[in-house]
Amino acid sequence: MRLVIALPFVWLGVFFLLPFALVLAIALGANAPDSVPPVELGLSPKNFALLFTDDLYLAAWLTSLRIAAVSTLAALLLGYPMAYAIARAAPARRPLLLMLVVLPFWTSFLIRIYAWMGLLDENGLLNQFLRWSGIVADPGTLLGTEWAVHLGIVYAYLPFMVLPLYATLEKLDVSLLEAAADLGARPFAAFLTITLPLSLPGIVAGCLLVFIPAVGEFVIPDLLGGTGTLMIGKVLWDEFFTNGDWPLASAVAICLLVLLAGPIALFQRQQAKGLERRT
Amino acid sequence: MSGPIVRIEGLAKRFGAVTAVDRVDLDIERGALFALLGGSGCGKTTLLRLLAGFETPDGGRVLIDGQDMTGVPPHLRPVNMMFQSYALFPHMSVADNVAYGLRREGGGGAETDRRVGEALDQVRLADFAKRRPAQLSGGQRQRVALARALIKRPKLLLLDEPLAALDRKLREGTRFELVRLQAELGLTFVMVTHDQEEAMSMASTLAVMDAGRIVQVGAPHDVYERPASRFVAGFIGLANILEAPGGRWVALRPEKIVLSAARPDLPHASAGKVVDIAYEGARSLCRVALDDGRTMLAATSDGAFRRGQDVWLGWAADAGHPLDE
Numbered sequence: 001m002r003l004v005i006a007l008p009f010v011w012l013g014v015f016f017l018l019p020f021a022l023v024l025a026i027a028l029g030a031n032a033p034d035s036v037p038p039v040e041l042g043l044s045p046k047n048f049a050l051l052f053t054d055d056l057y058l059a060a061w062l063t064s065l066r067i068a069a070v071s072t073l074a075a076l077l078l079g080y081p082m083a084y085a086i087a088r089a090a091p092a093r094r095p096l097l098l099m100l101v102v103l104p105f106w107t108s109f110l111i112r113i114y115a116w117m118g119l120l121d122e123n124g125l126l127n128q129f130l131r132w133s134g135i136v137a138d139p140g141t142l143l144g145t146e147w148a149v150h151l152g153i154v155y156a157y158l159p160f161m162v163l164p165l166y167a168t169l170e171k172l173d174v175s176l177l178e179a180a181a182d183l184g185a186r187p188f189a190a191f192l193t194i195t196l197p198l199s200l201p202g203i204v205a206g207c208l209l210v211f212i213p214a215v216g217e218f219v220i221p222d223l224l225g226g227t228g229t230l231m232i233g234k235v236l237w238d239e240f241f242t243n244g245d246w247p248l249a250s251a252v253a254i255c256l257l258v259l260l261a262g263p264i265a266l267f268q269r270q271q272a273k274g275l276e277r278r279t
Numbered sequence: 001m002s003g004p005i006v007r008i009e010g011l012a013k014r015f016g017a018v019t020a021v022d023r024v025d026l027d028i029e030r031g032a033l034f035a036l037l038g039g040s041g042c043g044k045t046t047l048l049r050l051l052a053g054f055e056t057p058d059g060g061r062v063l064i065d066g067q068d069m070t071g072v073p074p075h076l077r078p079v080n081m082m083f084q085s086y087a088l089f090p091h092m093s094v095a096d097n098v099a100y101g102l103r104r105e106g107g108g109g110a111e112t113d114r115r116v117g118e119a120l121d122q123v124r125l126a127d128f129a130k131r132r133p134a135q136l137s138g139g140q141r142q143r144v145a146l147a148r149a150l151i152k153r154p155k156l157l158l159l160d161e162p163l164a165a166l167d168r169k170l171r172e173g174t175r176f177e178l179v180r181l182q183a184e185l186g187l188t189f190v191m192v193t194h195d196q197e198e199a200m201s202m203a204s205t206l207a208v209m210d211a212g213r214i215v216q217v218g219a220p221h222d223v224y225e226r227p228a229s230r231f232v233a234g235f236i237g238l239a240n241i242l243e244a245p246g247g248r249w250v251a252l253r254p255e256k257i258v259l260s261a262a263r264p265d266l267p268h269a270s271a272g273k274v275v276d277i278a279y280e281g282a283r284s285l286c287r288v289a290l291d292d293g294r295t296m297l298a299a300t301s302d303g304a305f306r307r308g309q310d311v312w313l314g315w316a317a318d319a320g321h322p323l324d325e
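Going line by line, the protein sequences match chains A and B.
Take the first sequence: its position 133, counting from 1, is numbered 133 in the working numbering, and each next residue is one higher.
Take the second sequence: its position 166, counting from 1, is numbered 166 in the working numbering, and each next residue is one higher.
I should point out that these hints are in silico values taken from the structure, not numbers from a laboratory.
What you are looking at is a predicted structure, and each value in this text was computed from that prediction instead of being measured.
Watch out, some of these pointers could steer you wrong.
Claimed, not checked - Here are a few chain B residues that sit away from chain A, every Cβ distance over 12 angstroms (derived from the structure):
| no. | residue |
| --- | --- |
| 1 | Glu118 |
| 2 | Arg131 |
| 3 | Arg175 |
| 4 | Val217 |
| 5 | Glu243 |
| 6 | Gly293 |
Stated by the list, open to error - Straight-line distance between alpha carbons at most 30 angstroms, and here's what the computed DSS-like set of lysine-lysine pairs gives:
| no. | chain 1 | residue 1 | chain 2 | residue 2 |
| --- | --- | --- | --- | --- |
| 7 | B | Lys256 | B | Lys273 |
| 8 | B | Lys155 | B | Lys130 |
| 9 | B | Lys130 | A | Lys273 |
| 10 | B | Lys130 | B | Lys169 |
| 11 | A | Lys171 | B | Lys130 |
| 12 | A | Lys273 | A | Lys171 |
By construction, the Cβ of each residue, glycine as well, lies at the ideal position given by its N, Cα and C atoms.
When you get a sec, could you build the whole thing from the sequences and use the hints?
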């Protein structure tokens with residue numbers, strides 16, 4: 001019995017706290033390119049100080065937050081009607097529609113992002129189609145722009161938006177909308193006053209589930225974005241693999257974690273509140 | 001304006017292969033407390049939803065205060081409904097729930113506040129204005145739903161099983177309160193219920209429904225005393241259905257039968273034996289097996305009868321009511 005209770009704590013200790021302590025130790029050390037591993041341990045905050053003083057890192061943070069926020073908003077605007085339509089579909093058809101939403105997960109994430117490269121390339125399928133159909137004679141290239149990064153994030157994380165929204169919309173008692181209509185609310189007014197506020201927990205959950213991973217996203221900006229799109233996940237990668245600066249990369253990782261702890265805590269609270277309400 | 005407040009003409013509604021409402025014609029008089037009574041699946045709730053506009057009829061039409069409601073959406077009908085589940089908005093306070101209808105008309109400010117306060121006073125909930133529905137008892141929620149449905153002074157208030165979610169004790173009191181409120185406001189109430197006792201005690205007029213059709217309409221007393229069919233006689237109260245000469249049927253209420261130890265001096269008298277006694281407080285209901293093989297129910301206020309006792313049943317010549325079918 002005790003073992004069962006202890007297991008999650010052991011797990012957290014071995015696979016989270018211990019690595020976290022290691023990363024923190026490295027972050028407080030100094031770069032030592034000639035030793036193995038290339039770290040000289042110490043207790044210096046200069047790596048952190050650099051992150052907050054160097055314009056490059058500040059810009060990367062802000063770009064990450066901005067791209068994540070805009071992509072989250074786009075995913076919400078796209079995901080809400082989808083979730084609404086699924087929740088209002090005939091009950092027998094809902095499982096099929098939900099399966100279609102999660103169907104992309106059956107293919108590796110990386111491969112799907114590579115597929116987008118094939119679509120958005122200068123001579124990719126999208127431009128071939130645009131030229132062939134004559135809609136645009138000389139289309140520019142989406143690949144390598146921030147647009148492509150937004151597109152990739154919305155595409156990759158849309159299911160995380162749709163599923164929690166569906167869960168709240170599906171639970172919504174239809175008789176509440178009938179009551180609103182009965183009291184004189186037009187369909188749109190009923191949506192604004194009843195459906196929207198009652199689906200707020202789903203909106204918050206969906207937005208956090210998209211926003212949190214999108215801030216630290218590395219693969220999508222690396223493959224779809226250009227050199228101009230500097231996101232913090234990509235900076236981390238470059239510091240570690242290209243520059244071999246383990247301590248600085250570790251400091252970036254720790255800052256990312258601290259930055260996202262706020263939204264994660266918010267998400268946890270929201271979930272706990274939902275559980276309370278149901279009991 | 002005169003004439004019935006509601007006129008229903010040949011109204012029909014099907015769900016797939018099921019005919020929920022089968023060519024119903026019905027007039028509801030202004031100021032009535034009208035009860036639609038029937039078992040589950042008889043179409044009474046569908047009929048109510050057709051009045052509110054939540055269902056679209058497959059045939060026929062509804063006129064409310066002389067106006068054809070065909071194609072008029074629920075939010076434009078001069079009708080409000082109290083839902084069986086109450087359908088209170090969980091994210092709004094009691095006052096906001098009640099004010100909802102007025103605010104949709106663009107009402108706001110002091111006038112709305114005044115009318116909401118008045119409506120809450122009317123249902124004795126003034127102290128609960130700021131609470132959420134989840135913080136109220138079942139009876140309080142029912143009163144919020146009532147206040148919310150009445151705030152716009154609808155020409156017609158629809159009530160879907162208004163007392164079904166309340167416990168028995170509360171139901172009795174609420175019954176009187178609804179009747180009082182209806183009389184005070186002078187509005188027309190149309191309520192749906194499966195509980196014949198509820199319909200009998202509250203309604204000024206009731207309609208009995210069976211299989212999508214209205215089988216009888218009348219004042220509760222008339223329907224009870226003069227049921228039109230074997231179905232109505234059996235559904236409203238208890239009745240002995242007797243075969244009369246000529247293949248006709250007669251309904252005989254248990255309280256119309258005199259139970260006695262000696263042969264009574266009445267036109268009809270049969271001997272039998274008491275099989276069962278159900279004590280109901282004010283009266284006892286005896287199931288009597290007659291010597292000719294029939295079993296009948298008789299009511300008596302005399303507690304002296306015992307199971308297995310030999311008794312006589314007697315009734316007057318006009319005690320039974322002949323049935324049409």
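Now for the hints, and whether the structure bears them out:
Under the 12 angstroms C-beta cut-off, the non-interface status given to Glu118 (chain B) relative to chain A holds; the minimum distance is some 17 angstroms. Listed as a non-interface residue, Arg131 (chain B) keeps its Cβ farther than 12 angstroms from every Cβ of chain A; the least gap is roughly 16 angstroms. Against the 12 angstroms criterion, Arg175 (chain B) stays outside the reach of chain A, whose nearest CB is about 23 angstroms from its own CB. Listed as a non-interface residue, Val217 (chain B) keeps its Cβ farther than 12 angstroms from every Cβ of chain A; the least gap is roughly 26 angstroms.
Glu243 (chain B), annotated as away from the interface, keeps every beta carbon of chain A farther than 12 angstroms; the closest lies near 47 angstroms. Remark: the non-interface label on Gly293 (chain B) is consistent with the geometry, its nearest Cβ contact in chain A lying 51 angstroms away (cut-off 12 angstroms). Restraint check: the Cα-Cα separation between Lys256 (chain B) and Lys273 (chain B) comes to about 18 angstroms, which is no more than 30 angstroms; the hinted pair holds. Proximity of Lys155 (chain B) to Lys130 (chain B) is assessed by CA-CA distance (about 29 angstroms); at most 30 angstroms being required, the pair is judged to hold.
This hinted pair checks out: Lys130 (chain B) and Lys273 (chain A) have alpha carbons roughly 21 angstroms apart, not beyond 30 angstroms. Between the alpha carbons of Lys130 (chain B) and Lys169 (chain B) the distance comes to roughly 27 angstroms, so the proposed pair stays at or under 30 angstroms and holds. Among the hinted pairs, Lys171 (chain A) with Lys130 (chain B) is consistent with the structure: their alpha-carbon atoms are about 25 angstroms apart, no more than 30 angstroms. As the CA atoms of Lys273 (chain A) and Lys171 (chain A) are separated by approximately 16 angstroms, the hinted pair is consistent with the 30 angstroms bound.
Every hint from the earlier list agrees with this structure, and none is contradicted.
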